[in-house]
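Just so you know, the protein sequences line up as chains A and B, in that order. Counting with the UniProt record's numbering, you get residues 1 to 363 for the letters of the first sequence. Counting with the UniProt record's numbering, you get residues 1 to 471 for the letters of the second sequence.
Quick caveat, the hints were computed from the structure, so don't treat them as lab data. A virtual CB, placed ideally from N, CA and C, is assigned to each residue, including glycine. There's no promise every hint is true.
[What the hints assert, rightly or not] Between beta-carbon pairs, the in silico distance windows are:
id, chain 1, residue 1, chain 2, residue 2, range
1, A, Thr114, B, Arg271, 13 to 21 Å
2, B, Thr16, A, Gln175, 48 to 56 Å
3, B, Tyr123, A, Ser258, 44 to 52 Å
4, A, Thr114, B, Asn170, 32 to 40 Å
[Unchecked claim] Below 20 Å or equal to it, Euclidean Cα-Cα: the simulated DMTMM-like pairs (lysine to aspartate or glutamate) are:
id, chain 1, residue 1, chain 2, residue 2
5, A, Lys231, A, Glu216
6, A, Lys206, B, Glu121
7, B, Lys56, A, Asp109
8, B, Lys141, B, Glu238
9, B, Lys419, B, Asp359
10, B, Lys56, A, Asp247
11, B, Lys464, B, Glu412
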Amino acid sequence: MGSSTEHSAYGPTRNPWALDRIPGGSSGGAAAAVAAGQAPASIGTDTGGSIRQPAALCGVVGLKPTYGRVSRYGLLAFASSLDQIGPLTWTVADAAAVLQVLAGPDPRDATASTEPPPDLSRLFPGNVRGTRIGVPRVALADGVDPEVLDAFGAALAMLSDRGAEVCDVDLPHMQYAVPVYYLVAPAEASSNLARYDGVRYGHRAKLDGAAAGVSEMYARTRSEGFGAEVKRRIMLGTYALSAGYYDAYYVHAQRVRSLIRNDFDRAFAAVDAVAMPTTPTPAFRIGERIDDPLAMYLGDVFTVSANLTGLPAISLPAGLTQARLPIGFQLVGRPFDEATLLRIGDALERDAPWSDERPPAFA
Amino acid sequence: MFCGCPADYQAAEPNTRTCPVCLGLPGALPVINRRAVEYTVLTGLALNCRIPEFTKFDRKNYPYPDLMKGYQISQYDLPLALDGFLEIDGDTQLGLGRRRIGVERVHLEEDVAKSYDDRGEGYSLVDVNRSGVPLMEVVSKPDMRSAEEARQYLTLLHSIVQYLGVSTGNMQDGNFRCDANVSIRPVGSQILGTRTEVKNMNSFRAVYQALEYEVVRQREVIEDGGAVVQETRGWIEEREVTVSQRSKEYAHDYRYFPEPDLPPLRIGPERVAELAAELPEFAPQRSARFQADLALSGYDADLLAGSRSMANYFETTLTLRDADAAEVANWMLGDLARLLNQDHREIDASPVTPQRLADLLALVADGTLSTSLAKTVLEEMYATGGEPADIVREQGLGQISDTGAIEAAVAEAIAANPKAVADYISGKDTAARFLMGQVMRLTKGQAQPELALRLVQEGLELQKTRGSLEP
């Protein structure tokens, strides 16, 4: 869990573009491996941005499919109504190829779509003539790094040059996306993680003496086995579900969640994709935010909406900062319309000035 | 309930009916068992419930070693069936007549694993076979006024779920369980008293006794100036008392929330109508029909209607034979029942099919077999699964109605039993029956009984005449 891959049991992962910086998270390892050329493609899971944000910070393509596009059977559940598995790759065409393999019906997952996926191989080269792209300007107003904003604008201009129509859209409830997410996701996670209790598998604490019973075994096992961020989320989630708070927190958050989805549905009457930066800032230094979980959570502002609404979303490389750190450009699409995202992504990628850039340490 | 494992946990070796889903392994996901949902809707319909169009599952979260995922998938606020009732005869001793007992709801959930804490010091064993088996919970409204009414309610509910084929209804096996809530209040008060919940009753009798005990216990508490504590109590069969289980539990906040891994269910009116059409005629109605249309006694009708397979067997035999209902009833409830009970067999497993029973009765009706011979043939049919006509032929069991053949036996019996003859002559008519019995024995039971008796009597009369003619 977490947005920086600093909390892993194996220690922090480093960003291949700058080894003193985080690669993003939680699929930071997957993104770093592809960025460093160690793997042509990797698989990550995205619950609040965990594929897209590391993809952005590591300068690779990261795709979160529509909720239900890829079966979750076999995926260790974090937040059941938000989790999706997706690819991280160098190119958009590669992401399409991997998605083609991952996607499809699965009788073992009751939330997976029974519709077979479309043929994604026919999308390329991506043509964006007449494709309408909406931008929620209000959401970009505060807290976004100027270099990220510049790169975002440049990418939109490129798409516009290639024939896309760019306009504004209004997503008034997006400002609530992070608080909603940080109620819903931890709540579901607190329940999904209950099974890690040392009884059947995994770590089990050593107990001293016959006096210790099951309760003590549970408490010690989980205290020892879970990291700080996971514990934080379990506590948050348990609180949000408890008697007296359930209605005010969990139920309320779920209601606002519907409002966020309604905003997007309305927007898609006028546009084919919604564009935003993937993250408000490029990669920060290892250890910089580790003591400030809230600051860490606020970095998810652009990614969590796609998980809350179940809509597909892709992060595309959009150049580097002055300090040569990658910046991500994000598109959110209609339900099960990964094809449009891939098509636009390919158009952006083609002949983009940054397409030949590689992390210096791994060139 | 949410995986494909067989539900035969009682007979299986421990931990042999498991899979990643019911083990709650990381990455496993539940998938709804369609037939369990249909069974629950059928039960709800049989209990006169409303079937809401929208229903869902919820997570009930609590930690325990027999709960694999740390939560149980159940139904909280939108169950499959609501607001039904059952009609009972009522506790006439309390002056209560026939009336409705409300059913609050019927819902579906998964069972938990089974713990064994008594196998050794310092450890417990967990058998996961039972984890994930579908449980259907029928919750009644507090309308029952005595243990007798509870017994009536349970008996009727038991019959209904057996009739539907939804459950075997076996309490000893744990296929039919009962937790009872009971409270008392002063006569005339409209406010329900504090209730206790009683668990661990493994038979209808135990339910009855436990409730009677608990009512007395609560009364004593109140009469001693105390107040009934709301708690869970366990019925201890050996001591016939309930014991507080308070110390074993603490109040749980289950943090119910909708199960995100399962989509909500929409059961439309058309589907409900299709399921309603599957409802059979239940025991009370069937018994009433047997009494009205077939003139069976209430006792016999209730027995025959008691199980769906018995009732079906009965009606099938009747149609095959166009027979006398009372005759079929006698055979089924008498000799056939005896044979089945000896083997602990259900009538579904009877080697004597309705067709064969009908054929046997036809052989009695046309005089081929006497009733007592037919019983022998029935036993043979049961043992071998053979056809009655074949057995009769193979064993030469056809009734002898040839007068000459019987007369020979009569003569032999008379010659061999001079005392009986003398008794008859001196006025003991019963001696004729004795001799008839001898004739039956000599003909291996195949003499036609009425004919044998007549010929014996004729033979004896002849002896009488002869005797009186002797000098």
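Results for each hint:
no.	hint	result
1	A:Thr114 with B:Arg271: 13 to 21 Å	holds (19 Å)
2	B:Thr16 with A:Gln175: 48 to 56 Å	holds (54 Å)
3	B:Tyr123 with A:Ser258: 44 to 52 Å	holds (48 Å)
4	A:Thr114 with B:Asn170: 32 to 40 Å	holds (38 Å)
5	A:Lys231 with A:Glu216	holds (17 Å)
6	A:Lys206 with B:Glu121	holds (18 Å)
7	B:Lys56 with A:Asp109	holds (16 Å)
8	B:Lys141 with B:Glu238	violated (30 Å)
9	B:Lys419 with B:Asp359	violated (42 Å)
10	B:Lys56 with A:Asp247	holds (18 Å)
11	B:Lys464 with B:Glu412	holds (17 Å)
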